[in-house]
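From first to last, the protein sequence lines are chains B and S.
Quick note: the first sequence uses the numbering used here, first residue 1, plus one each step.
Quick note: the second sequence uses the numbering used here, first residue 1, plus one each step.
For the record, the hints were derived by calculation from the structure and aren't laboratory data.
Predicted, not measured: the structure shown is a model, and the values here were computed from it.
The beta-carbon is built from N, C-alpha and C at its ideal position, and this holds for glycine as well.
Please note: incorrect hints may appear among the correct ones.
Stated by the list, open to error - Which chain B residues stay away from chain S? Per the calculated CB distances, all over 12 Å, these:
{"id": "1", "residue": "L10"}
{"id": "2", "residue": "E21"}
{"id": "3", "residue": "L22"}
{"id": "4", "residue": "D23"}
{"id": "5", "residue": "R28"}
{"id": "6", "residue": "V35"}
{"id": "7", "residue": "E36"}
{"id": "8", "residue": "P39"}
{"id": "9", "residue": "D49"}
{"id": "10", "residue": "N61"}
{"id": "11", "residue": "P77"}
{"id": "12", "residue": "G89"}
Said to hold, decoys possible - Just a few of them, taken from the derived set where beta-carbon distance is under 7 Å, the chain S residues facing chain B:
{"id": "13", "residue": "G158"}
{"id": "14", "residue": "L160"}
{"id": "15", "residue": "A214"}
{"id": "16", "residue": "D248"}
{"id": "17", "residue": "F250"}
{"id": "18", "residue": "S271"}
{"id": "19", "residue": "V272"}
{"id": "20", "residue": "Y294"}
{"id": "21", "residue": "P298"}
{"id": "22", "residue": "L302"}
{"id": "23", "residue": "A303"}
{"id": "24", "residue": "V311"}
{"id": "25", "residue": "F352"}
{"id": "26", "residue": "L355"}
{"id": "27", "residue": "R358"}
{"id": "28", "residue": "R359"}
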Amino acid sequence: MSTVFIPAVLRPNVGGAKSLELDGGSIRDVVGALVEQHPSLESQLLTDDGELNRFVNVYVNGQDVRYLSGLDTPVAPADEVRLLPAMAGG
Amino acid sequence: MSKSYADLLREAREQINEVTPQEVDALPADSATIVDVREASEWEQGHVPGARHVSKSYIEQQIEAAAPDRDAPVILYCAGGVRSLFAAQTLAEMGYTNVSSMSGGFQGWKSAGLSFVTPVVLSSEQKQRYSRHLLIPEVGSEGQAKLLGSKALLIGAGGLGSPAALYLAAAGVGTIGIVDFDIVDVSNLQRQIVHTTDRVGERKVESARKSINALNPEVKVVAHEEMLVAENVERIIAGYDVILDGTDTFETRYILNDAAVAANIPVVHASVFRFEGQLTTFVPYEGPCYRCLYPTPPPPELAPGCSVAGVLGVVPGILGMLQANEALKVLLGIGNTLAGRLLLFDALETEFTELKLRRDPNCPVCSDAAVQARKEGRPLAVEGVDAPFLLTLTGIAGQVSPEARA
């Protein structure tokens, strides 16, 4: 199980949880498990082609998966996955 | 037996080795400690490059800090070469074994056509006001003078801009520009502490100017009372040393990023949402830029501003102060900025998290290809952020009213 941190702006989609424990050996698996549990997140996180939306950054243990292997980035148990959309407020 | 001045001088000349300005100038760097023993008022008019200042009246008390090794070469000089001879005798009595006096003193140095430096001189009022900075070796008179000569631009005099403006003003940043076209609303006062209740209805740039100058009248406030748009961004940011991005819309953040990268001006970025904030420093071409971090803006429903989503007032307060800290480091050239790192703050957990950021090698704004394309006058296309948008209460994107941007 890896821990997936949900940003505040997406928490209403997951019943208010700050983080979720999800199974999966890759980012694709983990995001898939997340979207399966909370289908309203799908359009927020993924494009119609099933790729990560460019306005949501995904980090594994503090590293941006765009510079690792994208959705194929491996995720080990106890890894920390963080979803991070841009914020506007000032 | 009493001795005349002439007797004392002759004795000193017999006892102390003298060197000429040309010989001192020819010494390899750092091969001797050069000490200026004149009074502070003389030192401030100019001194030998690399010299330390220990006035003759404090020589016994302060020489050990300036020249701790009693066997290392020490060269003293004064204005004409007499006071330094007597000071050298004192050092010899204290056990310094390799003391010389520079004949002709600083006048001889200048007459020989050798270069000298003029130290930065703060006024006595400035020395008092900034005394806690002057005590820090990393800042000192030189650093304070740098701040006094620096120009910082705040995009927005709102939740983030308020604490940043006050702390930069307190620190003595000489020029603070403020871009804001809004007026002070009573709902701003829960977090925008640069404004006051009796200034509700006033233009924010003017209200901010009053608070800044009440704290530090020495600061020059430049009011840019206009909305930052693609047409004016280049003109507005020109000449500033650092920019603090505290706006409330993506449109402005992208416009600012693209222009600041082209103008090579660091941008300290912060944004907030309810109990959370993000902070980083974009140093052009050294670290990533805003488009490397977020290539495209999110849809409005994913990124509401404060006027819609709400924010705990202290969150922009904390983030704005961290922006000021980053800006001061950029201006002073000390420490390590957040370039290449994104700092997340969660007020509910009181938790800071750091993420690693990278430059996007294909960035349409800061990559090598983008720089080359700009040079050739055909900048790469960027994904536009056409309509100013914010989430409304019904979740429908719309044009932004001035109040909604606050």
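Hint check:
Some Cβ of chain S comes within 12 Å of the Cβ of B:L10; the nearest lies about 8 Å off, and the non-interface call is violated. Taking the minimum C-beta to C-beta distance to chain S, about 18 Å, the non-interface status of B:E21 holds against the 12 Å cut. Against the 12 Å criterion, B:L22 stays outside the reach of chain S, whose nearest CB is about 19 Å from its own CB. No Cβ of chain S approaches the Cβ of B:D23 within 12 Å, the least distance being about 23 Å, so the stated non-interface status holds.
The Cβ of B:R28 lies farther than 12 Å from every Cβ of chain S, with a closest approach of about 20 Å, so its non-interface assignment holds. No beta-carbon of chain S is positioned within 12 Å of the beta-carbon of B:V35; the least distance is around 15 Å. Interface exclusion of B:E36 from chain S stands, the closest Cβ pair being 20 Å apart, more than 12 Å. The claim that B:P39 lies off the interface holds: its Cβ sits roughly 16 Å from the closest Cβ of chain S, which is beyond the 12 Å cut-off.
Separation of B:D49 from chain S is adequate, the least Cβ-Cβ distance of about 15 Å exceeding the 12 Å criterion. The Cβ of B:N61 does not lie farther than 12 Å from every Cβ of chain S; its closest approach is about 9 Å, which violates its non-interface assignment. No beta-carbon of chain S comes within 12 Å of the beta-carbon of B:P77; the shortest separation is about 20 Å. Listed as outside the interface, B:G89 is inconsistent with that label: its C-beta sits roughly 4 Å from the nearest C-beta of chain S, within the 12 Å cut-off.
A least Cβ separation of about 6 Å between S:G158 and chain B falls short of the 7 Å threshold, and the interface hint therefore holds. Hint on S:L160 holds. Least Cβ distance to chain B is approximately 5 Å, under the 7 Å limit. At about 24 Å, the closest approach between the beta carbon of S:A214 and any beta carbon in chain B exceeds 7 Å, and the interface hint on this residue is violated. For the restraint placing S:D248 at the interface with chain B, the shortest Cβ-Cβ distance is roughly 4 Å, inside the 7 Å limit, so the hint holds.
Interface hint status for S:F250: upheld, as the beta-carbon distance to the closest one in chain B is roughly 6 Å, under 7 Å. A cut of 7 Å between beta carbons decides the hint on S:S271: the least distance to chain B is about 4 Å, and the hint holds. The interface hint given for S:V272 holds, since its Cβ lies 4 Å from the closest Cβ of chain B, which is under the 7 Å cut-off. With a cut of 7 Å, the hint placing S:Y294 at the interface with chain B holds, because the nearest CB-to-CB distance is about 4 Å.
The beta carbon of S:P298 is positioned within 7 Å of a beta carbon in chain B (closest approach about 4 Å), and the interface hint is therefore held. Hint status for S:L302 relative to chain B: holds, with the closest Cβ pair at about 5 Å, below 7 Å. The beta carbon of S:A303 is positioned within 7 Å of a beta carbon in chain B (closest approach about 5 Å), and the interface hint is therefore held. Evaluation of the S:V311 hint against chain B yields a held restraint, the C-beta minimum of about 6 Å falling below 7 Å.
Violation of the interface hint for S:F352 is found here, the shortest Cβ-Cβ separation to chain B being roughly 12 Å, above the 7 Å cut-off. Hint status for S:L355: holds, given a least beta-carbon distance of 5 Å to chain B, under 7 Å. Because the smallest distance between the Cβ of S:R358 and any Cβ of chain B comes to about 5 Å, under 7 Å, the interface hint for this residue holds. This hint is violated: S:R359 has a C-beta 10 Å from the nearest C-beta of chain B, more than the 7 Å allowed.
The structure does not agree with the numbered hints 1, 10, 12, 15, 25 and 28 stated previously, though it agrees with the rest.
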